[in-house]
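Colleague: Chains A and B are the protein sequences, given in the same order.
Following this note's numbering, the numbering of the first sequence begins with 1 at its first residue and continues without gaps.
Following this note's numbering, the numbering of the second sequence begins with 170 at its first residue and continues without gaps.
Honestly, I wouldn't trust all of these hints.
Using 30 Å as the maximum straight-line C-alpha spacing, the simulated DSS-like pairs for lysine-lysine come out as follows [as the list claims (entries may be wrong)]: (1) A/45 - A/151; (2) B/214 - A/151; (3) A/45 - B/263; (4) B/255 - A/149; (5) B/274 - B/214; (6) B/272 - B/255; (7) B/263 - A/151; (8) A/45 - A/149; (9) B/214 - A/45; (10) B/222 - A/151; (11) A/45 - B/255; (12) B/222 - A/37.
Just so you know, these hints were derived from the structure itself, not from any lab.
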Amino acid sequence: MMKRPHAAVSLDWDMTPMIDVVFLLMIFFVFTFKIVKQEGDFSIKMPLSGGNSSSLSLDTSEPVRIRLLADSNGELASIMMGDRSLGTSFTILRQQVMAYVGSLSPQARGEAEAELRCDYELKYKYTVDAMTAISGYYENGQIVPLIEKVKFAQKQGQSDLTESSNEEK
Amino acid sequence: MRFNRTTVSNMELDMTPMIDIVFLLITFFMFVFNFSQADQNERIKLPSSELAKISEVSDTEFLTLQLTAEETILFGREEFAFDELKRLLSRELKLFEALGTDKSKVRVLIRADARSQTGKLQDIMAECRRCGLENFGLPVIIDTPGAI
Numbered sequence: 001m002m003k004r005p006h007a008a009v010s011l012d013w014d015m016t017p018m019i020d021v022v023f024l025l026m027i028f029f030v031f032t033f034k035i036v037k038q039e040g041d042f043s044i045k046m047p048l049s050g051g052n053s054s055s056l057s058l059d060t061s062e063p064v065r066i067r068l069l070a071d072s073n074g075e076l077a078s079i080m081m082g083d084r085s086l087g088t089s090f091t092i093l094r095q096q097v098m099a100y101v102g103s104l105s106p107q108a109r110g111e112a113e114a115e116l117r118c119d120y121e122l123k124y125k126y127t128v129d130a131m132t133a134i135s136g137y138y139e140n141g142q143i144v145p146l147i148e149k150v151k152f153a154q155k156q157g158q159s160d161l162t163e164s165s166n167e168e169k
Numbered sequence: 170m171r172f173n174r175t176t177v178s179n180m181e182l183d184m185t186p187m188i189d190i191v192f193l194l195i196t197f198f199m200f201v202f203n204f205s206q207a208d209q210n211e212r213i214k215l216p217s218s219e220l221a222k223i224s225e226v227s228d229t230e231f232l233t234l235q236l237t238a239e240e241t242i243l244f245g246r247e248e249f250a251f252d253e254l255k256r257l258l259s260r261e262l263k264l265f266e267a268l269g270t271d272k273s274k275v276r277v278l279i280r281a282d283a284r285s286q287t288g289k290l291q292d293i294m295a296e297c298r299r300c301g302l303e304n305f306g307l308p309v310i311i312d313t314p315g316a317i
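Required output: the full structure, derived from the provided sequences and hints.
Modeller: So this is what it looks like as structure tokens:
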């Protein structure tokens, strides 16, 4: 009988400091709250010229050459696949890439490679659009891959530059 | 005396529900808080693509370079002119070397603004390759066509 009221008194502690801290925490999190869009990335492997000639010789298929031309403002002027001009529509580019991939044997499909050559001034968003068009498309909520290996064309004489910089060291 | 006592007991309101809700809110905000993406700069408007893959978490090392629309490079909180990239890369590679990381495993993430020039991006890649870095990632915002 004597113990009960005693225990009840000791449990009744002051909650004010805890509530203060909890409110401060909440205010901090509310103010730093920011909706961040999910980011993904395109992987690009550009092996250095040295020591990779063996894997290059295994690639019997030529990469599909895609050229993006820019006007003076950096906007897209025209897309070329091989020697053909496709206008400025990425949908047509995708259809052409689909036709190309469809003509390959199933074995060669995974090995297919595309090489992008873009004008210097071209805005980056067009490059990403082109990579999207080449790498696949969405169908019924599923990604259908087309050409998964996309690389950038190297500038003329770039390999020479690599060598010369190595010599300097 | 009696009157006084009743007012005191009225003042002691039950705070349990309020604390419950406040804790729930804190938990929610803590979970949506973005700790990992501290090096994303708001100035950079990434292009969007529906096909970019969420990069799988691996043990590889990252190096994030950000290319602004004004053609400068952001690294961490520092801003560089393009000419200084070489110095920056050699400094970072020394760090990786000191940590014993193989530099061919280092992945360079280039977060480029949608308005920046593709040529500039390729210049950065060329500079990285000269330093022996060969794995690149180009982050973009994923816009799933089915999503709201």
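Colleague: Taking the hints in turn, state whether each one holds.
Modeller: Here's how the hints hold up against the structure:
no.	hint	verdict
1	A/45 - A/151	7 Å, holds
2	B/214 - A/151	23 Å, holds
3	A/45 - B/263	22 Å, holds
4	B/255 - A/149	28 Å, holds
5	B/274 - B/214	27 Å, holds
6	B/272 - B/255	15 Å, holds
7	B/263 - A/151	28 Å, holds
8	A/45 - A/149	8 Å, holds
9	B/214 - A/45	24 Å, holds
10	B/222 - A/151	16 Å, holds
11	A/45 - B/255	20 Å, holds
12	B/222 - A/37	14 Å, holds
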